[in-house]
Amino acid sequence: MASLPKRIIKETERLISDPVPGITAEPHDDNLRYFNVTVEGPTQSPYENGIFKLELYLPDDYPMEAPKVRFLTKIYHPNIDRLGRICLDVLKTNWSPALQIRTVLLSIQALLASPNPNDPLANDVAEDWIKNEEAAKAKAREWTQLYAKKVDDN
Amino acid sequence: MSTYEEEHGLNDSDETGNHRNTERRELRNEFRELFQAYGSNNSRNGNNDNVILLQMLSELIPEDLQQEWFEQIDSKNRKSCSKEFIDSLPRIKANSIKDKNAECAICFCKFLEDKYPLVAELPHCGHRFDLECISVWLSKSDTCPLCRDSVLSHKTDIDVSKTEMEEDWGMYG
Numbered sequence: 001m002a003s004l005p006k007r008i009i010k011e012t013e014r015l016i017s018d019p020v021p022g023i024t025a026e027p028h029d030d031n032l033r034y035f036n037v038t039v040e041g042p043t044q045s046p047y048e049n050g051i052f053k054l055e056l057y058l059p060d061d062y063p064m065e066a067p068k069v070r071f072l073t074k075i076y077h078p079n080i081d082r083l084g085r086i087c088l089d090v091l092k093t094n095w096s097p098a099l100q101i102r103t104v105l106l107s108i109q110a111l112l113a114s115p116n117p118n119d120p121l122a123n124d125v126a127e128d129w130i131k132n133e134e135a136a137k138a139k140a141r142e143w144t145q146l147y148a149k150k151v152d153d154n
Numbered sequence: 155m156s157t158y159e160e161e162h163g164l165n166d167s168d169e170t171g172n173h174r175n176t177e178r179r180e181l182r183n184e185f186r187e188l189f190q191a192y193g194s195n196n197s198r199n200g201n202n203d204n205v206i207l208l209q210m211l212s213e214l215i216p217e218d219l220q221q222e223w224f225e226q227i228d229s230k231n232r233k234s235c236s237k238e239f240i241d242s243l244p245r246i247k248a249n250s251i252k253d254k255n256a257e258c259a260i261c262f263c264k265f266l267e268d269k270y271p272l273v274a275e276l277p278h279c280g281h282r283f284d285l286e287c288i289s290v291w292l293s294k295s296d297t298c299p300l301c302r303d304s305v306l307s308h309k310t311d312i313d314v315s316k317t318e319m320e321e322d323w324g325m326y327g
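Those protein sequences? They're chains A and B, same order as listed. Counting from 1, one number per residue, gives the positions in the first sequence under my numbering. Counting from 155, one number per residue, gives the positions in the second sequence under my numbering.
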């Protein structure tokens with residue numbers, strides 16, 4: 001395995017020394033490019049009181065290429081598909097090497113606070129969201145209760 | 155891959171097989187073109203039929219494949235800078251870097267950690283990076299990592315026309 005770039009080491013250190021409120025990111029012992037992530041659902045959103053697990057992987061080209069991030073916890077959201085893949089501009093076309101793990105996770109948290117059902121990615125959830133936003137939000141709350149409960153010591 | 159005919163012991167001539175493959179390839183290309191048309195249609199004033207058709211198609215095409223196509227389209231649409239442009243970026247002398255702690259936003263290393271730092275400044279926005287770091291980025295993109303300013307758009311003329319001024323306002327607004 002190629003040695004870890006200094007930037008990744010620095011980012012990891014800063015994540016630990018200066019953590020982001022409501023977000024944790026811990027590298028795997030055996031692969032320092034792979035992070036276990038948790039994101040708290042933003043208050044006043046349907047995801048409030050939920051803790052969502054994600055996986056984050058820094059590809060070989062990082063930071064020239066965006067991290068790969070995926071939800072592991074099931075979530076009902078118009079920009080997140082069944083496999084947990086996230087439709088977010090900074091993870092695709094709007095990636096910049098000046099962005100970091102920290103800013104990406106904050107963007108994801110912000111996406112939970114303000115879903116964007118008009119995104120062109122084909123998704124049944126987005127359709128539901130546009131048709132009946134209140135019902136969709138209720139379902140999102142229900143899923144948060146079902147799958148993203150805080151009691152989990154993993 | 156075994157076909158229906160093989161599994162059922164039916165003899166199918168090679169010619170028909172090839173023909174089918176070609177057909178399949180053509181169909182895939184058509185899908186891809188449609189995706190392309192849809193992907194570039196930001197203004198939404200285009201053809202509504204396309205959108206409906208695409209929704210139907212997207213139910214049929216595996217999501218992984220769709221994702222792959224979108225990424226292909228994205229990478230094709232992305233602009234990058236020529237080697238000549240990158241080589242022509244102005245360099246900054248170490249003694250003109252006043253902030254001792256100033257660091258490159260790409261590698262997170264302090265410029266002055268290096269005795270002989272090679273630092274480049276982007277035209278127009280003036281953001282500074284290690285030459286090595288920004289070179290790699292600009293070979294895949296034409297934007298400043300910090301402000302997303304399109305570095306190529308200001309390159310040629312110093313005589314700034316009114317339309318360009320307006321663009322700049324938008325960028326910093």
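One should not assume that every hint holds.
Said to hold, decoys possible - Calculated lysine to aspartate or glutamate pairs in the DMTMM-like style (CA-CA distance at most 25 Å, straight line):
1. A:Lys53 with B:Glu187
2. A:Lys92 with B:Glu187
3. B:Lys237 with A:Asp61
4. B:Lys264 with A:Glu13
5. B:Lys294 with B:Glu257
As the list claims (entries may be wrong) - From the structure, some residues in chain A lie toward chain B, with a derived Cβ separation under 7 Å:
6. Lys68
7. Leu72
8. Pro97
Derived from the structure by calculation, the hints contain no laboratory data. Here a beta-carbon is modelled for each residue, glycine too, at the ideal position from N, C-alpha and C.
Numbers of the earlier hints that this structure fails to satisfy, in rising order = 1, 6 and 7
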